Amino acid sequence: MFVTYLRRELAGRRKQTAIVAIGMALAIALVIIVNAVSSGVQLAQSTVLASVYGVGTDITVSQTPVAPTEGEGGGGPQNFDFGAEDGATADGSTTVNQATLSVERGTTAFDSTALDTVGGIDNVSAAAATLSLSNTTFNGTLPDRSAMTQGEAPTAGEAPTGADGAGGSSFSVDSFTVLGLDPADDAVGPLSAVSLTDGRSLESTDAGANVAVLDASYATTAELIVGDTISLAGTDFTIVGLVTASSADAATASNVYIPLDVAQTLSGLEGQVTDIYVQAASSTDIEQVQADVETALPDSTVKTQADLASSVSGSLSSASDLVKNLGLWLSLIVLAAAFLIAILFTISGVTRRTREFGTLKAIGWSNGRIVRQVAGESLVQGLIGGVVGIAVGLFGILAINLVAPTLTAGAASADVPAGMNGAGGRPGGGFGQAVVEAATSDIVLQVPVTLSVILIAVGLAVLGGLLAGAIGGWRASRLSPSEALRSIA
Amino acid sequence: MYELTNVTKKYDQGKRSVTALNKVTLSIPDGQMVAIQGPTGGGKSTLLQMLGALDRPSTGTVQLGASDLSKLGQGPLGEIRARQIGFVFQGFNLIPTLTAQENVETALAPLGVSAADRTARAAAALASVGLGERGSHLPAELSGGQQQRVAIARALVKEPAVLLADEPTGNLDEQTRDEIMELLEGLWRDRGLTLIVVTHDSAVAKRAQRRLLIKQGVVKEVA
Ligand SMILES: Nc1ncnc2c1ncn2[C@@H]1O[C@H](COP(=O)(O)OP(=O)(O)OP(=O)(O)O)[C@@H](O)[C@H]1O
Ligand SMILES: [Mg+2]
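Quick mapping for you: the protein sequence lines, in order, are chains A and B.
In terms of our numbering, the first sequence is residues 615 to 1103.
In terms of our numbering, the second sequence is residues 329 to 551.
So here's chain A without its partners, still in its complex pose:
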């Protein structure tokens, strides 16, 4: 009888069933989509972070950068010293070919003994130090040196290859990022998150050797393959391997990776590093480790993954904010509205069926039987909504994945250890462009469908149905059987 009556009611009152189910379906579809997009965005964020910071890095330590003093211009590590030995003079013009390997602007090197300090802190399971450098090659011909003053060089840099500059100069600047890392240490740090596409990775026996591993996309741009040589600060390095970010979408932390000791020697930064990557013993230790590092190294900037996540910028971060704020509130509001619709319709249904329930009571139906009937109807309406909602939600997710919106993500901050500064070795990465920019990645948003999202949806459908059913059933249980005798008028 229960099933027959239930079926007849739902089929006989299609409009009510449809309205409650559609409301529930909309809400559940929205919850599913928002939930899935949110985890898709999170996935993209962790992809970006993993490709820049490495898998398993909980904390990064860098030195608080010293703001460049005013008027310094292209000074500091970007400074070019035009020594006589760097150029050849012919016909009164000077050919300059200068390569320097130096710490990027915005990054400060510090003593590598900090690594031992960090390694000695409680609950640090792994720590690795890197030296983040920028290799800048300056190639050009200056006409008669007396025709221009040295101070005009930065201006000329804006028209790098042109011979039409004020001074009639012609030169190019090529810059790419170089990361020195301990080849023996691959548990934590930038190279822990990459996959090898060709050749081999750096090995512990590479210490002191002039070997390099290149970011695969940089290698493609620079037309380099394994076995070629690449010149860093005038020294030739053999390319032994190519790596790419584990997720094909994101860029790796640096263009070129070389052994740490070689990087220190070439840049004249013996015993210096720029970043320390720290892995905590467990996620619950992160706060304590962060605090201890800050105490042990008061000049340092200590960042956790959570800090790092907030450093992810670009449309990915806007999407994340949008999903977290608007999406969450919207789905909550729609969900509340759907529940309210289900409850109101159930109550009005019970009110409309006062005589019906009164009659059933009069012929001996117990309250429990009537409550079960009302709750069953609401539950099934909710479940129909849930099933439709899941279908619509999955369809929406499918649509998003088919459209595959591309989000740009940058881990933009001067504090970010390694950026793809001057990515692709574009000629003319000008003098003024030395400010560290992020590792910019284009991430195709892929929205995952997880069982938990489906379960949440089913749970919400059941909850909504039961809530409406409980309230409606309670109303029905309070009706008097003598309602059956009420005159129709």
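These are calculated hints, taken from the structure and not from any lab test.
Since the structure is predicted, the reported quantities are computational estimates derived from the model, not experimental observations.
The beta-carbon is built from N, C-alpha and C at its ideal position, and this holds for glycine as well.
Among the hints, a few may not be true.
What the hints assert, rightly or not - To give a feel for the contact side, a few chain A residues facing chain B, derived at Cβ under 10 Å: (1) A625; (2) A976; (3) S980; (4) S1094.
Given chain A, work out where chain B with the ligands should sit, using these hints.
Just chain B with the ligands now, kept in the frame of chain A:
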């Protein structure tokens, strides 16, 4: 066997209190056919509620067989309604979404009758009111007289001791009224029911063995 003693029913409407039944003392032996007449608002339906275990009196006792209906809770009253009392209403009160057959089956749902038994008994009850062929029809597809036949089948399928009808012909034309009254009388005679019919139609009341007049909550026998 009904035994009503000093039954008073008062309804509180805000500050006003309406006395729908006023110290009614009444005895109805098993198998009697009783017509209850009276002006509107006189207390006919209220009396039927007391007899039908739908409500309890404010004071007084309503004895049905061994049970005092005035002392029982909702659960036991429901049990008594389910097993011993059949109802027929002026407005038929069929469940609009259920077929005639299913409407009759609703009366057997609380009795723990097996599904097969339920189907067979409901079909037999429909046949006994002359609607054997109409089991699959929805109420809206039936005439008023046919709907009231379905309601009578629903009231009788549980084989109750008492059949209570509140204006069973009030919504029907004269010819249908007579058909329905003939049907009820026939069933009453065949089954040895106690049949209590509320009506203000004298043509209907005349068929009864005994007539009661209830005015302002007070019951009088009509000679
Ligand atoms: N649930 C209730 N609440 C308040 N007053 C009620 C209620 N039920 C009945 N009454 C009042 O009790 C009195 C008797 O009502 P009852 O329905 O028994 O009359 P009736 O004889 O059946 O009238 P009718 O011929 O119109 O059906 C009336 O004054 C009515 O207003
Ligand atoms: Mg009445």
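Hints versus structure:
1. A625: holds (7 Å)
2. A976: holds (5 Å)
3. S980: holds (5 Å)
4. S1094: With a minimum Cβ separation of about 7 Å from chain B (threshold 10 Å), the hint on A:S1094 holds.
Of the numbered hints stated above, none is contradicted by the structure.
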